[in-house]
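Asker: With the hints as extra help, turn the sequences into a complete structure.
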Amino acid sequence: MADNTPAGSTTDGAIQVGGPRQPIDARVSAPASYDVADFPVPHGREEEWRFTPLERLRGLHDGTAVADGGVKVEVEAPEGVTVETVGRDDARLGRAGKPVDRVAAQAYSSFEKASVVSVPKETVLTEPVRISVHGEGGVAFGHQVVEVGAFAEAVVVIDHTGDATLAANVEFLIGDGAKLTVVSVQDWDGTAVHAGQHTALVGRDASFKSVIVTFGGDLVRLHPRVVYGAPGGEAELYGLYFTDQGQHQEHRLFVDHDTPHCRSNVAYKGALQGKDAHAVWIGDVLIRAEAEGTDTYELNRNLVLTDGARVDSVPNLEIETGEIVGAGHASATGRFDDEQLFYLMARGIPADEARRLVVRGFFAELVQQIGIPDLEERLLAKIETELEASVA
Amino acid sequence: MATLEIHDLHVSVDAENGPREILRGVDLTVKQGETHAIMGPNGSGKSTLAYSLAGHPKYTITGGTVTLDGEDVLEMSVDERARAGVFLAMQYPVEVPGVSVSNFLRTSATAVRGEAPKLRTWVKEVKEAMQRLQMDPAFAERNVNEGFSGGEKKRHEILQLELLKPKIAILDETDSGLDVDALRIVSEGVNRVRETGEVGTLLITHYTRILRYIKPDFVHVFAGGKIVESGGAELADKLENEGYEAYVKGGVTA
Chain A
1 MADNTPAGST TDGAIQVGGP RQPIDARVSA PASYDVADFP VPHGREEEWR
51 FTPLERLRGL HDGTAVADGG VKVEVEAPEG VTVETVGRDD ARLGRAGKPV
101 DRVAAQAYSS FEKASVVSVP KETVLTEPVR ISVHGEGGVA FGHQVVEVGA
151 FAEAVVVIDH TGDATLAANV EFLIGDGAKL TVVSVQDWDG TAVHAGQHTA
201 LVGRDASFKS VIVTFGGDLV RLHPRVVYGA PGGEAELYGL YFTDQGQHQE
251 HRLFVDHDTP HCRSNVAYKG ALQGKDAHAV WIGDVLIRAE AEGTDTYELN
301 RNLVLTDGAR VDSVPNLEIE TGEIVGAGHA SATGRFDDEQ LFYLMARGIP
351 ADEARRLVVR GFFAELVQQI GIPDLEERLL AKIETELEAS VA
Chain B
1 MATLEIHDLH VSVDAENGPR EILRGVDLTV KQGETHAIMG PNGSGKSTLA
51 YSLAGHPKYT ITGGTVTLDG EDVLEMSVDE RARAGVFLAM QYPVEVPGVS
101 VSNFLRTSAT AVRGEAPKLR TWVKEVKEAM QRLQMDPAFA ERNVNEGFSG
151 GEKKRHEILQ LELLKPKIAI LDETDSGLDV DALRIVSEGV NRVRETGEVG
201 TLLITHYTRI LRYIKPDFVH VFAGGKIVES GGAELADKLE NEGYEAYVKG
251 GVTA
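If you read the sequences in order, they're chains A and B. Under UniProt numbering, the letters of the first sequence match residues 1 to 392, in that order. Under UniProt numbering, the letters of the second sequence match residues 1 to 254, in that order.
Since the hints were derived computationally from the structure, they do not count as laboratory data. There is no bait here: all hints are sound.
Below, in silico cross-link-like pairs of lysine to any residue (SDA-like), each with a Cα-Cα straight-line distance of 20 Å or less:
| hint | chain 1 | residue 1 | chain 2 | residue 2 |
| --- | --- | --- | --- | --- |
| 1 | B | Lys58 | A | Arg335 |
| 2 | B | Lys58 | A | Thr306 |
| 3 | B | Lys58 | A | Phe336 |
| 4 | B | Lys58 | A | Ala351 |
| 5 | B | Lys58 | A | Gly334 |
| 6 | B | Lys58 | A | Asp337 |
So these bits of chain A aren't anywhere near chain B, every CB distance computed over 12 Å:
| hint | residue |
| --- | --- |
| 7 | Pro128 |
| 8 | Val157 |
| 9 | Gly293 |
The structure presented is a predicted model; accordingly, all values stated were derived computationally and were not measured. All residues carry an ideal CB built from backbone N, CA and C; glycine is no exception.
Answerer: Next comes the structure, spelled out in structure tokens:
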């Protein structure tokens, strides 16, 4: 797309090969932990908090937010799937990985009941599991586990709507040879605050596909993370965001290649419009010394439609072994390209329609990767709606 | 009969040290059915004329008039000019990622014709036009200009010319970067449109090579931001033999 960078954006990046530095994952202010007390209250200058407006987290980061039950969670699952509500001591909780920041740890320390969705081994679902999270103006801490047995195949759609102050983590446990696609849609009202960690533990020869779609919210800050439990695993992490005036939408990814012969592919695309629209994308990939045969690529593209928006896009790739198949990253932020607009208009197409064509085109390639037709249509329709608002 | 009239056109662009005048009083009338070749050295302002007529925002009109059948073209937005019948085949067509050629062509035809073309006849129309330009049918599913070779980009421009049927076609260095085969195919496309007698053609070129395939009725030499000499096809032969030196000397060129 356009290669000019708008004022007020950063596109830093780093490729670190070997060296004595701490690994990416340890570059945070406290080691990962289940206990919120192990994390100091952030003040905003920490590496992992420097882009986030803390004052808009409504106390999720400093212990002042108190749960009041104003968020409803409903799970609709096809036959063969087990849906349970369990206590904090259930052995299936916390297995994918520990919380990596204070808000995720606050969620883990504060939830009362967790939800566990289990797809038995060798079960191939033909319908998605639908998890609806609807905010009714309340504060909530949540925990969700999705467990997919060996050689099972499932699609899980998590829909976030309404208004809420929510800190919630989701764990995905993907058995050997299993395939899991998860679509998490943040279609919140403009006032919602949502932070959380999505951690996937990918089994031997298993496939995990994550699609994170963020349209709404006043502030959304998600950590999609992937860890491989055994060789041969594959992770595709896709994301799409449309950041409007005043919204803060932050996606912080981490792929931990700790196991040989695993693959990962990350592609996030965002469009921004309006004053103080702020999108943050952090893409950390670590290839540890033992992860020979790794193949990884990550990409972030941003399309800035109007003045006054800001993008921070930071890909980091750290490589501790040279015995890999491939590793790369790309990040670009561009303004809406006036030359494209001119070309389309010079063929008689009115400006607003030309703009729609370009933005739809920008996202279409990514949307087609989702592989769930009715969801693809819904997302394209949603993009249309966002654009109607911008060109009106 | 459609007529494009350019009168005393002055155009400038923003440069580092203020506006710089590129066009310095262009006068030209192009009528339906006529073909005018505009020839000139690099930097003479030929492309500026093309893009100014199409309405590119980079160029500021500082004086003069342009009318199409009496209507003020300079008052129209870029898309209005296209719908009024002005077509610019660009020297460097722009990539539009994620937008397929077939979607683009249909959207464009719908806008220019004022209604969506009937699907069945449209598919046939596009297919036949592509065949005439020796374009692979798979081309329609590719993204607009993305990864196109130089020859493919120019064929795609002429495909649009054939489908949109403008009153005035401005071809900006359509011959540049083409090998002999591609030049022939593209020129034949232009000639098919010309033979309808319904289009006035403004053929902008640096070289005389394309004039072996597309015979102009008038040749104009462009230098220093205006037309400095006009004549018939024989003027092109003179340029072929003598080059632009006579026009560049004396600092006429900007």
